[in-house]
Every structure is written in structure tokens, then in C-alpha cells.
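Engineer: The listed protein sequences correspond, in order, to chains A and B. Under the working numbering, think of the first position of the first sequence as 21, with each following residue one higher. Under the working numbering, think of the first position of the second sequence as 12, with each following residue one higher.
To be clear, the hints were calculated from the coordinates, so they are not data collected in a lab. From the three backbone atoms N, C-alpha and C, an ideal C-beta is built for every residue, glycine too. Treat the hints loosely; a few may be bogus.
[Claimed, not checked] To be clear about the criterion: a stretch of chain B counts as covered by chain A if any three or more of its residues have a C-beta under 8 Å from a C-beta of chain A, and this derived list gives those stretches:
id	segment
1	22-29
2	156-170
3	176-186
4	189-199
[Said to hold, decoys possible] Listed next, with one range per pair, are the computed distances between beta-carbon atoms:
id	chain 1	residue 1	chain 2	residue 2	range
5	A	Glu60	B	Arg108	47 to 57 Å
6	A	Gln54	B	Ile43	31 to 41 Å
7	A	Met61	B	Glu107	38 to 48 Å
8	B	Val30	A	Ile55	35 to 45 Å
9	A	Gln56	B	Thr67	12 to 22 Å
10	B	Leu172	A	Glu60	22 to 32 Å
11	A	Gln54	B	Gly202	34 to 44 Å
12	A	Ile55	B	Tyr142	18 to 28 Å
13	A	Gly57	B	Met24	32 to 42 Å
14	A	Val52	B	Val30	17 to 27 Å
[Unchecked claim] Chain A stretches covered by chain B per the calculated footprint, using a threshold of three residues with CB under 8 Å from any CB of chain B:
id	segment
15	31-37
16	51-59
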Amino acid sequence: MSDNNKAGMDDLQMSALAASATILVFAAIYWVVQIQGVREMLDMAYG
Amino acid sequence: MSTSSLGSYYRTMITVAVVLLAMAFLFSSLRIDTWVALKPFFEWMGTTWFGVIGTTWGAAFAVVEAFHLLAMALMGGAIIVSDGRLLGIGFSEMDEREVLDKSHKIFSWGLAVVLLTGVFMACGVAMKIYYLEVYWYKMLALLVGILFAYFVKKPLLKKDLQDISPLVRRAVALSSLVVWFSVAGAGRWIGFSG
Numbered sequence: 021m022s023d024n025n026k027a028g029m030d031d032l033q034m035s036a037l038a039a040s041a042t043i044l045v046f047a048a049i050y051w052v053v054q055i056q057g058v059r060e061m062l063d064m065a066y067g
Numbered sequence: 012m013s014t015s016s017l018g019s020y021y022r023t024m025i026t027v028a029v030v031l032l033a034m035a036f037l038f039s040s041l042r043i044d045t046w047v048a049l050k051p052f053f054e055w056m057g058t059t060w061f062g063v064i065g066t067t068w069g070a071a072f073a074v075v076e077a078f079h080l081l082a083m084a085l086m087g088g089a090i091i092v093s094d095g096r097l098l099g100i101g102f103s104e105m106d107e108r109e110v111l112d113k114s115h116k117i118f119s120w121g122l123a124v125v126l127l128t129g130v131f132m133a134c135g136v137a138m139k140i141y142y143l144e145v146y147w148y149k150m151l152a153l154l155v156g157i158l159f160a161y162f163v164k165k166p167l168l169k170k171d172l173q174d175i176s177p178l179v180r181r182a183v184a185l186s187s188l189v190v191w192f193s194v195a196g197a198g199r200w201i202g203f204s205g
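Isolated chain A, as found in the complex (with noise of 0.2 Å):
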């Protein structure tokens, strides 16, 4: 494997890696907020 290969394939792993890393978290953070969300309103309607 050429340097410019190894390179490119390192590449196409970081970027892989930033965007499932973005959207994992993201989803994370999405359904954390709406379960707390759906909590606080059992909370008010049943105490």
C-alpha cells in the first residue's frame, strides 16, 4: 500500500468516525431531553 493509499484510507475512517460520532451523541442528547421531557409532564399529571 502506497503512502497517498494508507493516507486516503486513514482519512476516509477519521471522517467516518466524526460523523457517526456527531450523530450518535446527538441522538443521545435528542432522546435524553425528550425522555426527561415525557417524565416531567407524568410528574405533573400524577405527582
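Given chain A's structure and the hints, the job is docking chain B onto it.
Structural biologist: Chain B alone, transformed into the frame defined by chain A:
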């Protein structure tokens, strides 16, 4: 880090730049400005042939919706097969390259049908979905899913699969599942919203 080594990470830098631009768009007034600016477009969508047929002929809307859901099921199946194979939880007796290539082809056909039927359906209920927050979540997730599938996942999987780190494989498969299940979930939520 030297300039040349930074240059070899151009794809990563573009990915980070796209993420930052998306964040800036989501957390600024630009998002609301764009939404307001799109209102005339949605009003126009309702006046097109698709809009008139979708509004006045319920049977046509229902038939197109059936194909929309069937194509979503096809896409969902392709995504589960492809990402399940990447995670090593299914189809492990089959050649990985063959599974990934064939599932991507099915995914692309399913996506094309979903988009075509989706445009028709959107015209039929244009002003309803314009004011529906969950519709915009679905569109955001759909856009992220398409960009991820064609500009991140596909180029990565073109490479020799043995050279891809297990961490990257799992992260890509998991995030792909999360994005497409968000699209499907938001679509179902639109149905619950009257």
C-alpha cells in the same frame, strides 16, 4: 502536524465543516428565516396537479402512500441487512462484500421510490406538514441519512473491508441504524399528528 498531513485529511475536515455549518444553521435564527421563506413554496405545492389530485382524490393518495410504505419497508430491510452484517449479527455465513453491495442497490431503489412518492404525498398535504414540527425532524433526518449513506458509508465500504477498523465499522453501522430508524419513527409520528 504539518500542512501536508493536514491536507491528507481533507475529507475529515469537510465532514467537520459540514457538521459545524449544520449546527450553526440549527441553533441560529437562520432556521426560522428559512422556514418562513419556504411558506410560498409549500402554498404553491398545494396548487400543483399532485396537490389537487392528493387533496381531492383520497384513493390516489392512499395508493401512493401504500407504495411509499412498501418502499420504506424495502429500504429498512436493506439497512438492517447491511448494518447487521457490519455489526456481525446476521448473514455472517454469506460473503460480506456481496451482502453490502446488493443491499446498497436495494436501498437506492427503495430510496428513489420513497422520494418520488413522498413528493406526491407532500403536495397533497402541503400546508398541514408545513406547520408540523415532526415533518421537519423527518426531513432533517432524511437529509442526514442520504448524505451519510452516499458520502460517508458508501465510500468507506468501497475500500478493502479487512482494512476498516472494527470501531469504525460498528460506529458507522450503529449511526446508520439510528438515523434511518429516526426517519421511520418521525414518519410514523406524522401519521399520529392528525
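Engineer: Determine whether the Cβ-Cβ distance between A/Gln54 and B/Gly202 falls within the hinted range of 34 to 44 Å.
Structural biologist: Violated - the Cβ-Cβ distance for A/Gln54 and B/Gly202, about 18 Å, lies outside 34 to 44 Å.
Engineer: Taking the Cβ atom of B/Val30 and the Cβ atom of A/Ile55, is their distance within the range 35 to 45 Å?
Structural biologist: Between B/Val30 and A/Ile55, where Cβ atoms are some 24 Å apart, the hint is violated.
Engineer: For the segment 22-29 of chain B, does the count of residues with a C-beta closer than 8 Å to a C-beta of chain A reach 3?
Structural biologist: Held - the segment 22-29 of chain B has 5 residues with a Cβ nearer than 8 Å to chain A, which meets the minimum of three.
Engineer: Are there three or more residues in the segment 31-37 of chain A whose C-beta lies closer than 8 Å to some C-beta of chain B?
Structural biologist: Contact hint for the segment 31-37 of chain A vs chain B: holds, 7 residues under 8 Å.
Engineer: Taking a Cβ-to-Cβ distance below 8 Å as contact, does the segment 51-59 of chain A have at least three residues touching chain B?
Structural biologist: violated (count 0)
Engineer: Note whether the CB distance of A/Ile55 and B/Tyr142 lies within 18 to 28 Å or breaks it.
Structural biologist: The hint (18 to 28 Å, Cβ to Cβ) holds, given that A/Ile55 and B/Tyr142 are roughly 25 Å apart.
Engineer: Please test the hint of 32 to 42 Å on the beta carbon pair from A/Gly57 and B/Met24.
Structural biologist: About 36 Å separates the Cβ atoms of A/Gly57 and B/Met24, which means 32 to 42 Å holds.
Engineer: Could you tell me whether the CB distance from A/Gln56 to B/Thr67 stays inside 12 to 22 Å?
Structural biologist: 43 Å, violated
Engineer: A/Gln54 and B/Ile43, beta-carbon distance inside 31 to 41 Å?
Structural biologist: 21 Å, violated
Engineer: Is the coverage entry for the segment 189-199 of chain B by chain A consistent with the three-residue Cβ rule at 8 Å?
Structural biologist: Three-residue rule met by the segment 189-199 of chain B, so holds; n is 3.
Engineer: Between B/Leu172 and A/Glu60, is the Cβ distance one that fits in 22 to 32 Å?
Structural biologist: 45 Å, violated
Engineer: Holds or violated: 47 to 57 Å for the Cβ distance of A/Glu60 and B/Arg108?
Structural biologist: Holds: the Cβ-Cβ distance is about 48 Å, inside 47 to 57 Å.
Hint check: violations occur at hints 6, 8, 9, 10, 11, 16; the rest are consistent with the structure.
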